[in-house]
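K.L.:
Going line by line, the protein sequences match chains A and B. Under the working numbering, the first residue of the first sequence carries the number 1, and numbering increases by one thereafter. Under the working numbering, the first residue of the second sequence carries the number 1, and numbering increases by one thereafter.
No lab work stands behind these hints, which were simulated from the structure alone. These numbers come from a predicted model, not from an experiment. The beta-carbon is built from N, C-alpha and C at its ideal position, and this holds for glycine as well. Treat the hints loosely; a few may be bogus.
To give an idea of the interface, some chain B residues facing chain A are shown, with a C-beta separation under 7 Å as derived from the structure [claimed, not checked]:
(1) 91
(2) 172
(3) 186
(4) 187
(5) 248
(6) 300
(7) 303
(8) 326
(9) 336
(10) 337
The calculated lysine to any residue pairs, modelled on SDA-like cross-linking and capped at a C-alpha distance of 20 Å, are [as the list claims (entries may be wrong)]:
(11) B:277 to A:15
(12) B:188 to A:23
(13) B:277 to A:134
(14) B:188 to A:48
(15) B:122 to A:15
Just a sample of chain A residues kept apart from chain B, beta carbon distances all over 12 Å, derived [what the hints assert, rightly or not]:
(16) 104
(17) 105
(18) 106
(19) 129
(20) 141
(21) 143
(22) 147
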Amino acid sequence: MSTREVLEHYPPERDRLLVMLHAIQRNNAGNNIAPADIRQVAEYLNTTTASVYGVVRYYSMFRVEPRGQYIIRLCKSPLCRMVGAFNLLAYIEQKLSIRMGETTSDMVFTLEPSECLGYCDRAPVMMINERIFVDLDEKKVEQIIDDLLSQETTKRE
Amino acid sequence: MIEQTKIALRNAGSIDPRSIDAYQAAGGFQGLKKALTMDPEEIVQELEQSGLRGRGGGGFPTGLKVKFTRQAERHGKGNKYVVCNADEGEPGTFKDRVIMEGDPHLMVEGMIIGAFAIQAEKGYVYIRGEYVESIARVEQAIKNCYERGYLGSNILDSGYSFDLEVRLGAGSYLCGEELTLLESLEGKRGYPRIKPPFPANQGVFNAPTLINNVETFAHMPVIVAEGGEQYKKRGTEKSPGTKIFTLSGDVKQPGYYEVVMGTTLGQLIYELGGGMKNGHGFKAALLGGAAGTFVDESVMDTPMGFDTLREKGATLGSGAVMVMDASRSLYEMMHSILDFFAHESCGKCVPCRVGTRMLLMMWEGVKGGSAGEKARTLEQMQEEAEYMQENSLCPLGGSPIISIKSAVHYFRDEF
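The shape of chain B in the complex, shown without the other chains (with noise of 0.2 Å):
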């Protein structure tokens, strides 16, 4: 039987997330008062050493994420800044939701770590409009940290000084895209930038800007205390550490867990999540969103990682792993990714506008139609869906050949 190993999740649940006092007895702020001893080239050294990666879905080290802003020329006197990327909204996800309303001073204790390693003026936690209580959890942990000297001038007597602050979002999918969030963040329209520059030499306010998920930020604290070498123990060989998997659907129990990364989807279903519900079996789990992968019962037993899924054609993600029993349809949860996609397009380029609408239109046209007029189609859409992927300004327009393609990989005739 698999257990949880908790890193991110460690407080979540079993503090009070408002009191600073809680956190700190708790061990909070370890990592951030070694932190302050060393050198900040050491501490990217050790965010290297750990081998975390992006825990938003990208998966890039988050080291060489570190060290380029870090070594990135400063414009004349301008600042550097730390973005938190929370505007969470990849459907079947709500890991950053928990981070934030169950242990916020996790988060932003990471986010002053990466701060000083870069040396950063100012930072910004940008979350979803949509999400109430984390944007009070957040705001009341900035104003703790202030109080009690973690933020703000001299932090705890370092001569090191940092500023934080909360944006928010309004309701706009596309501005989890960590360049639209950017935009947005300056208080644009969501509109995409062209890649590169990449925001570590040209982010908010074009100065150099480390931008990382919620739950990445999360990690930074034990992996200064720890140090890497001791963190890079649990998980995978290239995908260290835990991650938190989001699950819902026909399981018995969904929720949220945090496991080692290595876990198989057969061990979050049947033991974490206390197997099949309804007393149908098994047919699909969508892997990481919308912008996810299906996949089938031949991927139950391989170990959940960003290479090891890549190997099968399917992705991690930000985690979220919604299941499907015997009983779905699996043509109507392709409709409604691609209904998501079509909704969200910006407009801003044309292969995206047009592209998933087309993709959507294409769809509809074979409803009720047969099993092998919906693969033809399947196929044909997935040419579009690489079309697209291959001219989008942004990654939004090479979302649908993701989940395209798994479904014509796993399930050509099962639609």
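Pulled out of the complex, with its shape left as it was, chain A reads as follows (with noise of 0.2 Å):
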């Protein structure tokens, strides 16, 4: 579906905008919000780039620079580190060879900080596209990691 058209499943009203960038992000192939689909919306809503773009830059949801296919949200709340988050960063860091904030070099995964999911009484959590994993430990996010590889390779063969 083109930007446009994900736009017209709404009325042109500002009120709505979150609701259409979600959509729009969810449309993109790079799970982002590129700078074309940022004028599109602006002269759908009749209302400036740099309002648009304000709101983008704003939600730590959205982004205008392309992703990866899946988007691993780590959860850093306080109760998640108490239970050792930051260990398994540390592991994602290094079984990805990124850090926070970065996407594999193949568009697989991006890593990102989350607050709190709301999940606390099995943390630590994280949360990959729309999918919530709880009670991790280092074993069980190499599975959940492996697993999603092997699902690419096969898509991509």
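Make the complex out of the two chains shown on their own, each in a separate frame, by following the hints.
P.N.:
Below you can see the structure in the form of structure tokens.
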């Protein structure tokens, strides 16, 4: 679907901006909202590019730069930290050879921090795209990432 | 042994949350049906009578809020609005998620009752973008309600009409603050507004707006159905009703528990939570999330309510209870909290933007230092945080002082 087609699902009302931006981002292969999208949104809402750009850059779930197929959001809020979120962070960084905020060179994974995801009774926690993973340890994280990697390899073959 | 008393969670986990039939079979919509036969003024009275206080953390009397919004003048022929704050993001808190995932119709019913009381035309549920399942469940519940005539024009032939839609957040803690939420709801950056005016007079689109937390709305159907007087029999005099506590950390059975107000921390940890795990003793609990307070063993038997905890220099807040055992580092926990606020400060006002960063640097500066050094730094930080509280635009700048002050009070020499 083109960005224009996504937009046309909604009446051109400013208060729907965040909902529209979520939809555009989901629709884009790069999990992002590119400058060209921002211009189209601004035109659709009859506002300035700067105004839309300001919103995109304010909210941490939106990203202008293209991201990987899978966005790993690792919870680093106080409780997850207490039970080892930073050890998991170091492990993921090492396993994927990227740092927090970066994307793997094959564009499969992006690693991002997240504030409290609301599963503190099952900490540590992460979210990959729209799925939540709880009670994590290194072994579990390894399994999850390997599963996604093998799915991706099968898809590309 | 304390038992749970379920109002907001009365169906969660026991019915199919996608099915409006299941909700009705469990007694759903009795409150709304009764409300539609009442004078809206009477609903306000019942809510006031119930003594219900905002469950998002503020503890403001809900009945008063409804009354102010009802009394507020419309701007010309403009609308009045109802907004549900479902931007749950306070660390350690997940009660709203449980309600939305487990019993979304209850929250929607509460919103329609609130809307009828103030005669609002339109409502929004503002849900944080990460709560994918909550979003799906609430959207489904709204769709169901339209199909069965609980939403839309001429609800159940009462002549009253009300429309409800979902709006999404996108990863900003600050948008959980009500005025900032309203800015975000209008499709803008999440920057706080200056208060007053309050939402009751100038809320979303500058119109009178009733904004409440998910859990608060979930209590309204019961209050209307059984009457405020009956509702009030639960809990304590100044904090009536029930509260969901979300228990996490070093306990055997972490999770969510709905209990009457006045339940003690000890009952929560040792009875419902099954006690401490890992063989270490209790050291501290952080009550109310990052914008909450550290407490020690001495608070274990204090009945938890808005005022009783305040007397002890603690807060009830959102109901988050994070438990730390003797092996945990309070220094690290404080560090996480300060890190959190430095990250979530929006940058609009200087005291908060600079202050949150400065507190973090001060604390990082004493890492590895002696207990005395840390205690002295903590006291300096308290002064800075007080200044921030006085001069910041919104409650975020006033939040670090809450945890710092409690840390000085209860754990000055233990960092």
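K.L.:
Each of the hints needs a verdict: does it hold here or not?
P.N.:
These are the hints, each one checked on the structure:
1. 91: 4 Å, holds
2. 172: 6 Å, holds
3. 186: 5 Å, holds
4. 187: 3 Å, holds
5. 248: Since the shortest Cβ distance to chain A is 4 Å, the answer is holds.
6. 300: At 20 Å from the nearest chain A Cβ, residue 300 of chain B fails the 7 Å test, so the hint is violated.
7. 303: 24 Å, violated
8. 326: Because about 13 Å separates residue 326 of chain B from the closest Cβ in chain A, which is outside the 7 Å limit, the hint is violated.
9. 336: Constraint on residue 336 of chain B satisfied, holds at 4 Å.
10. 337: 6 Å, holds
11. B:277 to A:15: The hint is violated at about 47 Å.
12. B:188 to A:23: The hint holds at about 17 Å.
13. B:277 to A:134: 19 Å, holds
14. B:188 to A:48: It holds: about 13 Å lies between the C-alpha atoms, which stays within 20 Å.
15. B:122 to A:15: 13 Å, holds
16. 104: It holds; residue 104 of chain A is separated from chain B by about 22 Å at its closest Cβ, greater than 12 Å.
17. 105: With a cut-off of 12 Å, residue 105 of chain A remains clear of chain B, as the shortest Cβ separation is near 25 Å.
18. 106: 25 Å, holds
19. 129: Contrary to the label, residue 129 of chain A does not stay out of reach of chain B, its closest Cβ about 9 Å off (not over 12 Å).
20. 141: Residue 141 of chain A clear of chain B: closest Cβ-Cβ about 19 Å, beyond 12 Å.
21. 143: About 22 Å separates residue 143 of chain A from the closest Cβ of chain B, which puts it past 12 Å; holds.
22. 147: 20 Å, holds
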